[in-house]
Amino acid sequence: MDAWHWQKLGKIFDPTEHHLALQCIEYAQSPQVLVFDQFVRVYFSTRSVDQGKFLSQVAYVDLQRDLRQVIGVSDKVVIPLGDLGCFDEHGIFPVNVVRHGELVYAYTSGWSRRVSVSVETGIGLAISQDQGCSFKRVGDGPVLGASLHEPCLVVDGFVRHVNGTFHMWYIFGTGWRRSSQDSTPERTYKIGHATSADGIQWDKEGGGAHQIVSDRLGPDECQALPCVLKIDARFHMFFCYRESFDFRKSGGRGYRIGHAWSEDLSNWHRDDDHPLLDVTPGEWDSDMVCYPHVFELDGQIYMLYNGNEFGRFGFGLAVLKK
Amino acid sequence: MFSWRKLGKVFTPQDVTGRDWLSEFAQAPATLIFDDFVRVYFSCRPAADAQGRYVSHSAYIDLSRQNLLEIKAIAQQPILPLGGLGVFDEYGVYPVSVIRHKQQVLAYYGGWTRCESVPFNVAIGLALSTDGGQTFQRAGLGPVLGYTPDEPFVISGPKIRRFNGLFYLWYIAGRKWKRVNGRPEPVYKIRMAWSADGLQWTRAHKDLIENRIEDDEAQASPDVFFSHGKYHMFFSYRFSSDYRNKTGGYRIGYASSTNLIDWQRDDSKAGIDVSDEGWDSEMQSYPHVFELDGRIYMAYLGNQVGREGFGLAVLDGELR
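Heads up: the sequence lines are chains A and B, in that order. Mapping of the first sequence onto my numbering: residues 97 to 418, in sequence order. Mapping of the second sequence onto my numbering: residues 5 to 324, in sequence order.
For the record, the hints were derived by calculation from the structure and aren't laboratory data. Just to be clear, a hint being listed does not mean it is correct.
To be verified - Covered, in the sense of this in silico footprint (three residues per stretch, anywhere, with C-beta under 8 Å from a C-beta of chain B), are these stretches of chain A:
| hint | stretch |
| --- | --- |
| 1 | 212–218 |
| 2 | 269–281 |
| 3 | 347–357 |
For each residue, glycine too, the CB sits at the ideal point set by N, CA and C.
One chain only, chain B, in its complex shape (with noise of 0.2 Å):
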C-alpha cells in the first residue's frame, strides 16, 4: 500500500472575494509546473439561479514552489469564457487538464449542456494558450471528443498525458442514466484514446477498470503517472445511487499498467482514505498525482465533491 501524508486542505474558494464567478467549489485540481510556482488549474462556480442550476468556470492559483501551502496568485478570470448558444460547452467548462506542447499549453476540458430529460450533457473541448495558460482560446466551437454508439454521453473528466511521442486522454464516459427515486442519475466507466497531434483521437473502445462495488459503479477522474516503469492511475469511484454522502460517496481507487491499455485494479493499494473528521470526512475524489522537487504529490477533493475546496498529500517512499 503506497502511504500518503495529508497535508490539508491548500484553497477554499469561499475565501475568495471580488469574483462573483469563484463563489463556491473548487474542483478538479491540474498542475502546470513553473520555475518559482505551481499553477492548479480547478473548476468553480458562481452562485446558483434561481432553479437550483449551476454553471461551472475553469481557474487556477499559483502556488509557491517552496510552499505548496502558499497562494502566491489568483487568476482575475476563468481562463476560457463559455460557449454560444446552443453549443456543448454553453453552460460551464469543467473539469480542465493542461500540458506543455511546443509554445503552447493544451487544454483539455469537459464541456457542459443542458438537457430537458436529464440535467446534463457533456463532451470535450480543446482551447490552447500562448500566454503560459493565462488565457486559452478554442481550437474550435465543437468538441474535439464527442460522442460515438458505445461513449453516447457524458464524455467528460479528460486527463490529457504525453507518452512515447503520443498524446493519450484518460476521460469517462456515460454508460446510462439511472433513474433513482425519480432523479436521473449518471453512470460512467474510464476509457482511452490516442492522437498524434491532438485532434485526431482514436479510441481504445473499452473499459479500462472493471467493477468493484457494483455493476453500475461510476468510475470518475483516471490520472495516469509513470514511475519505475509503471503506469500508475489513481481514479476515483462511487456507488450509483445514494452517494451525495460518506456511505455511497467518492473514493479513491488505483489500478496499474506495463501497457497503457491493459490495468489491473487493486484499490487497497491506493493508500488514501476518508478522515475521521473535516473537510475530507465523507468522501474523496479527483486525484491528480505530480512530481514537484523530488517529491511526488496529491491533489484531491474532499467532502461534496470540493465544494470547500482541494487539498495535498505526499507520498512517503516510492510509486512503484
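Same shape as in the complex, but just chain A (with noise of 0.2 Å):
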C-alpha cells in the first residue's frame, strides 16, 4: 500500500457555468456518485437563496463514464426541503445515495436554524422510484438524529450495505464551544457507525458517542463525510477533518483529507499519508481539500472532493494510483 498515491485530475464542474433549479448558481458540494450502464450521475449540494440565507439545495450531474463530459444537469427539485419546523426545512447538505433494488435510497443530512448556535441537524431518507431523478422523503422527521450521548449535529451520513446489513458511517456533535467570550458559537463532531436491518431503524454502535477513527489533531478535531470502499481486501475510508476554530480562512487549520483502514469494518487504524491526497499552492484546492467521495468504475478508483471555499466554484477528481 505504501505505493498508493492519489493522481489529481483537476476541477471537473463548476457550478456556475450550469443552470441550475431554483435560481442555484454557486456550490457544488459533497460529489457523490450513483453509476448507470452508460453513465455517472453525481448528486451534489448547491445553494439557492432564502431571506439573506443559503439554503442548500440537492442537484445532480450526469458526467460519461470518462468522467469529463458532461451529459446535463438537474433541472428540477430533486429533493424537497422539509416543511416549516422540520429538521431540513433550512437546507439538504449533503445527500448520500445507495441502490437497494429498484429504489435509490437517499440520506440526506437535513439543516434547521437555531437560536443560540447556527444550525441543528439530523440524518433524513428519501426514495427515489424513477431512478434517482426525484426522491420522495419517507417522513417529516429524521432516521438518525440526537440521542442520549449525541447531544447534537448528527449528520453526513453514508450508507454501504455489507453482508446482509445495511452499514451507516456518520458525524455527531459533542458540543458548541466559543474559542473567546465574544466569539460565534462552533462545534466539534466525530465520526461514529450504526447498523440496520432495513435502512430505517438505526442502531448507533456502543449505544451513540463511539468515535472509531483516532484523532490526530487532538480532541478539538472535527472530523466530517466519512465514505467506505472496499478496495482489495481492505475496508478503507476517506474523510475530512480540520481544527474546531478559526479553520474558514487558510493558514493550515481548514478541512484536509483523513484515512483509515480496517479489515472488519469494527478495528480502524488511521493512516491519513497512505495514501496521501493534499492542498496543491496556487491551484483551486491550495487552500483546503474536504468532502472526499471514493468510487470504483471501470477498474479504477477515484476520489470526487472540494477545494477551497467549501466547494463554491465546483468539485474535482482525483485517480488512484497503485
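Hey, can you piece these two chains together into the complex? The hints should help.
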C-alpha cells in the first residue's frame, strides 16, 4: 500500500457554468455518485438564497463514464426541503445515495436554523422510484438524530449494504463552544457508526458517541463526511478533518483529507499519509481539500472532492495509482 | 360520568418570594408521595426577556399529606439546571414526570430549544435523582426520546408509568406547524412507547386518541392511571387556532383502555369542566391523577395554562 498515491485530474465541474434549478448558481458540495450503465450521476449540494440566507439544495450532473464530459444537469427539484419546523427545512447537505433493489435510497443531511447556535441537523431518508431523478421523503423527521449520548449535530450519513446489513458511517456533535467570550459558537464532531436491518431503524454502535477513528489533531479535531470503500482486501475510509476554530481561512487549519483502514469494519487504523491527497499551492484546492467521495468505476478507484471555499466553485477528481 | 369535586387552587407562584426563577407559571403538576408529604413537581418561569421570550425551570412544592392545601416547603433551586449551548434543553425543562425505580427517582422531561422559523422545538430528556428527588443529574446530554420520521418535532409532555414490569411513556409528538395569522402554531397528538430499562424505547407509532373537535386538534398531557381493571387516560385538548381564550382553549378529555395501546375516547365521562368564574373559568389542562390514602385526586391547570398556578379536585365515587 506504500505505493498507493492519488493523481489529481483537476476540477471537473463548476456550477457557475450551468443552469441549475431554484436559481442556484454557486456551490457544488460533497459530490457523490450513482453509477449507471451509460453514465455516472453525481449528486451534490448547491445553494439557493432565502431572505439573505443560503438554503442547500440537492442537484446532480450526469457525466459520461469518462467523468469529463457533461451530459446534463438536473433542472428540477431533486429532493424537496422539509416544511415549516422540520429538521430539513433549511437545507439538505450532503446527500448519500445507494441502490436498494429497484429503488434508490438517499440519506439526506437536513439542516434547521437555531437561535443560540447556527444550526441543528439530522439524517433523513428519501426514496426514488425513478432511478434517482426525484425523491420522496419517507417522513417529516430524521431516521438518525440526537440521542442520549449524542447531544447534537448528527449528520453526514454514508450508507452501504455489506453482508446483509446496512452500515451507516456518520458524524455526531460533541458540543458547541466559543473560542472566546464574544466569538461565534463553533462545533466539534466525530465519526460514528450505526447498523440496520432495513435502512430505516438504526442502532448506533456502542449506544452512540462511539468515536471510531482516532484524532490526529487532538480533541478539537472535527471529523466529517466519512465514505467507505472496499479496495482489494481491506475497507478504506476517507473523510475530512480540521480544527474546531479559525478554520475558514487558510493557514493550515482548514479541511484536509483523512484516511483509515479496517479489515473487520470494527477496528479502524488511521493512516492519512497512505495514500495522501493534499492541497496543491496555486491551484483551486490550495487552501483546503474536503468532502471526499471514493468509488470504483471501470477498474479504477476515483475520488471526487471539493477544494477552496468548501466547494463554492465546484469539485474535482483524482485517481488512485497503485 | 366521573364526579370531581373541586378543592380550589393549591399553589400560586406569584406568592413565592426570593426565587427569581419562580416568578410565574406552575405548570404540569406531577406527584411523588412520601410518608409525611406529597411532593408536587411543576414547571415555572422567571420574567420574560426583553423580546418576551421565556425559559422554563422545573421545581417542586411539598404538600402536607394530611391537608393537600397546606404547603410545607418550596424547592430552593430548580431540580435540574438548563442544558448547555446548542443542546436540546438549553432553554427549558418543562414538563417533568417522575417515578421511583430501585434507589433512584427518574425524571422524564421536555427539553426546549429555540428555532429560527418556528419558536421552539422539544425533545424528551432523562435525569436521575439519588437524594429522593430534590436534585437530578442528566443521564446524558442528549434526549432519550428524539425525532423520527413519523414524530418529526415537538416530542413533549412525557408521563412515565410502570405497569406489568415495563416502563411506559405517554407523550405528545408534533404533527405539523400550522400558520395561524402568520404565527406558527404546533399541532400535536398523543403517542406512547415502552421500555425494559427506561433508556431504549420502542414506540407504538400510532396516534392513540382519535380527534374530536377538528383534524388539527392539539392533544396534550396524557396522564394514565390504573383502576378497577382498566387504564384511564385524562388528557387535554384544544383547537389549533385562537386557543388562548375560553372558546378555543384547553379542556380535559378522557379515554380508557384494557390493553394500554387501544384507547376509547369518551370526553363526556371526564367529569370536570371550567368553572363559571375564578382561576379555572377559561381553560383546564395538564390533568394529573393520583391516589392518596384511599382517595383519588386530580391536579390540573387553570387559565392561561397555569400562569397563576394549579389546583386540585377529588373524585367522589370510583374510577371504573
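Hints, verified against the model:
no., hint, verdict
1, 212–218, "holds (count 4)"
2, 269–281, "holds (count 6)"
3, 347–357, "violated (count 0)"
Going through the hint list in order, the structure does not satisfy hint 3, though it satisfies all others.
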